[in-house]
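Protein sequence lines correspond, in order, to chains X and F.
For the record, in the first sequence the residue sitting at position 163 is 163 according to the working numbering, with numbers rising by one throughout.
For the record, in the second sequence the residue sitting at position 82 is 1082 according to the working numbering, with numbers rising by one throughout.
Hint data in this document are derived by calculation from the structure and do not stem from the laboratory.
Nothing here was measured: the structure is a model prediction, and the numbers come from that model.
Heads up, some of the hints might be wrong.
Dumping the calculated DMTMM-like pairs for lysine to aspartate or glutamate here, alpha-carbon to alpha-carbon at most 20 Å [what the hints assert, rightly or not]:
hint : chain 1 : residue 1 : chain 2 : residue 2
1    : F       : Lys1298   : X       : Glu237
2    : X       : Lys244    : F       : Asp1390
3    : X       : Lys361    : F       : Glu1279
4    : F       : Lys1327   : X       : Asp304
5    : F       : Lys1298   : X       : Asp186
6    : F       : Lys1298   : X       : Asp212
7    : F       : Lys1298   : X       : Glu290
8    : X       : Lys10     : F       : Asp1002
9    : F       : Lys1268   : X       : Glu357
10   : X       : Lys13     : X       : Glu237
11   : X       : Lys244    : F       : Glu1382
12   : X       : Lys196    : X       : Asp212
13   : X       : Lys138    : X       : Asp212
14   : F       : Lys1327   : X       : Asp265
To be clear about the criterion: a stretch of chain X counts as covered by chain F if any three or more of its residues have a C-beta under 8 Å from a C-beta of chain F, and this derived list gives those stretches [said to hold, decoys possible]:
hint : region
15   : 3-11
16   : 118-126
17   : 170-178
18   : 307-315
19   : 346-359
Ideal Cβ positions, reconstructed from N, Cα and C, are used throughout, including at glycine.
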Amino acid sequence: MNFDLSDDAKTLKDAARKFLDARAGPPVARKVMNDGATHDAQLWAEVVDQGWPAARVPEAHGGLGLGADEACVLAEEIGRSLAPVPLMSTLAAIEALLIAGTEAQQAAWLPKLASGEAVGCIAWAEGSNSPTQMPVTKLDGGKLSGTKSPVIDGLVATLAIVTIATPEGPAMAIAALDGTTREKQDTLDLVRPSAKIAFNGTSAEALGTAADWVRLTERLAVLASWEALGTADAAREMTVAYAKDRVAFGQRIGRYQGVKHKLADMYIKAELARAHALHGCWAWGAGAPELSQAASAARVSSLDALRFTAEEAVQLHGGIGFTWEQDCQFYYRRNRLLAASIGSRAHWSDRLVRALENRNKAAA
Amino acid sequence: MDFNDTPAEAEFRAQVKAWLAEAAAEYLTPPEKPWGLEEFVARSKAWQLKKFEAGYVGITWPKAIGGQGLTPMHQIIFNQEESRTFVPNGLYSIGLGMCIPTVFTHGSPEIAGRYVPKALRGEEVWCQLFSEPVAGSDLASIRTKAVRDGDEWVINGQKVWTSFAHKSDFGIVVCRTDFDAPKHKGLTMFIVDMKAPGMEVRPIRQMSGSSDFNEVFFTDVRVKDTHRLGEVGDGWKVSLTTLMHERLAVGGKPRGAPGYQTLMNVAKGVETDSGPAMERADVRNRIADTYIADEGIKLTQMRALSALSRGQIPGPEQSISKVVVAKTMQDMTAFAMDMAESAGFAVEPGSDLEKLQGSYMWSAGLRIAGGTDEILRNIIAERVLGLPGDLRPDKDTPFSQLKPL
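Looking at chain X on its own, in the form it has when it is part of the complex (with noise of 0.2 Å):
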């Protein structure tokens, strides 16, 4: 049984938790939040750097061609640091790509990803669908039309994985953005900016069938869960310092048992999570088709660690917790970001039931 990490996803966790904890943090977050920016530029050029948009890219492309583990690691501590640089949503293009891409979609894209020329998001949200909801936006004739808002790092991104209307359900199409419209979409996270895209005769190519978008949005939960995680423990983290320090009553509140067990619960939901997450990451390694049953559990389970962290920090921080100047605000905005990046929970929970059901019935 060697049901963790693979130890090079380990070292590359610790290099990555060392860089980022000197280099981001809420403080950074909160400059590209006053300054208004799309990311912190800077930064982004020291990640493209460290290598970790080439994580998942093949050698063969420019990449370090990693597997499953070190791109979940990449995750979790962009989540902890609130690293304001367009990583995951460029880590989610390539993921595209592997999956879908043709011969000449990869060779064209994956090396520009890898070496930072190129910035990738996920172009999937018109308002209220769901990922597996068809979508208004089509490809006719090599040309995109409809509008996708809330596209994250939409601004910043000069390459949009975008999902279109096809008979098989919603599928991709991949278009370079330069040309395009777009707009700031004003979201409630107000570190990661997110765009609204305008396709109005775009070019793009279709990027794989239908189920390749599935497949997609599997890896892209697994990914979302780790974030969250990371998350999820910086908010703990903050909140138990503070429990530790904070006298109310004549004792360090953190004594208190009201206190206590939230941090309790919020440790209890995220180690929870971790072992679904750490699943996830199994499943996508392995290709194993427990993918959908593990993907859609470590999406709830991380959703569910990091809404109750990030809501129950502001609680137990109290009046200081609840100002602008304070760091709660920080994760209780990404929690709606990383609620909202790739499908809500209600639809995952769903897709876990149904996943669950399948199982059965090929079982029987």
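Since the structure of chain X is provided, determine the placement of chain F on it from the hints.
Same frame as chain X, but now just chain F:
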């Protein structure tokens, strides 16, 4: 990442499987009708002896005291394979899991030599006499008194929640030997003969209707000083050895307890105002939540096993297990009964719903046994997250002078 055995583990597993196929041949399917207590005890003794002779008892214990000197991973593999059968193995779980490690850790060589071999062979059954009516979570508040009389001790008092006390030959009992010392410092541990004059065992009937535990009354029960475990006044330290082993034992979902699959089975047969239950969002959501809790704990245990398999100590994540499992069981079973309307309330023997009803009753006890939900949250908060402990105003005062705030 993988879920496979190492080659050495696979070899041991194959050996265990082959042995069980033959030795446990009569236990490969559940018994046709449940055994009575006497038959359960007789079968347990026979099975334990078979296991001992094959070298599968005390797998992790030192060879010098009759164990096998193998790793926790060997024990886990044996347990996994044994639990695929229906052998009677519960009678010894407390004795061999908790009492005997305390005996050989803290008893004299003579005492260990007298008791350990017979326990290994299953000739003698052991129970643990810790909790009292006034001392459950706060174990160090026990009042059962032991007074020295020459080279003997005289014990008076009452213990409670003792599993298998009526079928046990010996027990380990923690007593207060110094009422003028602070609560943790006046305790001493002894081995007691359950058949000694002055011992009385009475079964407790639980709210579920069944009787799995006992209360034990001590009236002038005499114990030789040679049967003391550890120094006089060191009973708290000694009991921590026992409880450390209990924490390893009380963990995942009880074997055979219903889970998300049972909920799915029941939902399939239920029609509601808004259509089939399986199509209702709240039902599907509860199935998902139950899967996440139960499978999450299984996967968490696999994380711990992976550490053990590498010869490392598992992380603290195992501590979430019981607090998740017990409450999930209560919530899921209540949901399923509600979903089934009145059929969830009427008892029909042999149905899936009856299983859920039984678990609903049992879950209330599971949330208390082996550390309440509240104590377990304290432990996570204090030992894992490093938060300060509750203030304990009774910690340094002589026990005899304690007054509640």
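Verification of the supplied hints:
For the given pair, Lys1298/F sits about 26 Å from Glu237/X by alpha-carbon distance, which is inconsistent with the 20 Å threshold. Our distance criterion of 20 Å between C-alpha atoms is met by Lys244/X and Asp1390/F, whose separation comes to about 13 Å. Under the criterion of a C-alpha separation no larger than 20 Å, the hint pairing Lys361/X with Glu1279/F is consistent with the structure, at around 16 Å. A hinted pair counts as satisfied when its Cα atoms are at most 20 Å apart, and Lys1327/F with Asp304/X qualifies at roughly 17 Å.
A hinted pair counts as satisfied when its Cα atoms are at most 20 Å apart, and Lys1298/F with Asp186/X does not qualify at roughly 41 Å. Proximity of Lys1298/F to Asp212/X is assessed by CA-CA distance (about 30 Å); at most 20 Å being required, the pair is judged violated. For the hint pairing Lys1298/F with Glu290/X, the CA-to-CA distance comes to about 15 Å; that is within 20 Å, so the pair holds. About 16 Å separates the Cα atoms of Lys10/X and Asp1002/F, which keeps this hinted pair within 20 Å; it holds.
The hinted pair formed by Lys1268/F and Glu357/X meets the criterion: a straight-line CA distance of about 11 Å does not exceed 20 Å. Restraint check: the Cα-Cα separation between Lys13/X and Glu237/X comes to about 18 Å, which is no more than 20 Å; the hinted pair holds. Using a Cα cut-off of 20 Å, the hinted pair Lys244/X and Glu1382/F holds, with the two alpha carbons roughly 11 Å apart. About 24 Å separates the Cα atoms of Lys196/X and Asp212/X, which puts this hinted pair outside 20 Å; it is violated.
Between the alpha carbons of Lys138/X and Asp212/X the distance comes to roughly 17 Å, so the proposed pair stays at or under 20 Å and holds. Restraint check for Lys1327/F and Asp265/X: satisfied, since their Cα atoms lie roughly 13 Å apart, inside the 20 Å limit. Counting residues of the region 3-11 of chain X whose C-beta sits closer than 8 Å to any C-beta of chain F gives 4, which meets the bar of three, so the coverage hint holds. Under a criterion of three residues with beta carbons nearer than 8 Å to beta carbons of chain F, the stated coverage of the region 118-126 of chain X fails, only 0 such residues being counted.
Only residues whose beta carbon comes within less than 8 Å of a beta carbon in chain F count, and the region 170-178 of chain X has 0; fewer than three means the coverage is violated. Under the rule that three or more residues need a Cβ within less than 8 Å of chain F, the assignment of the region 307-315 of chain X is violated, with 0 such residues. Counting residues of the region 346-359 of chain X whose beta carbon lies closer than 8 Å to any beta carbon of chain F gives 7, which reaches the threshold of three, so the coverage claim holds.
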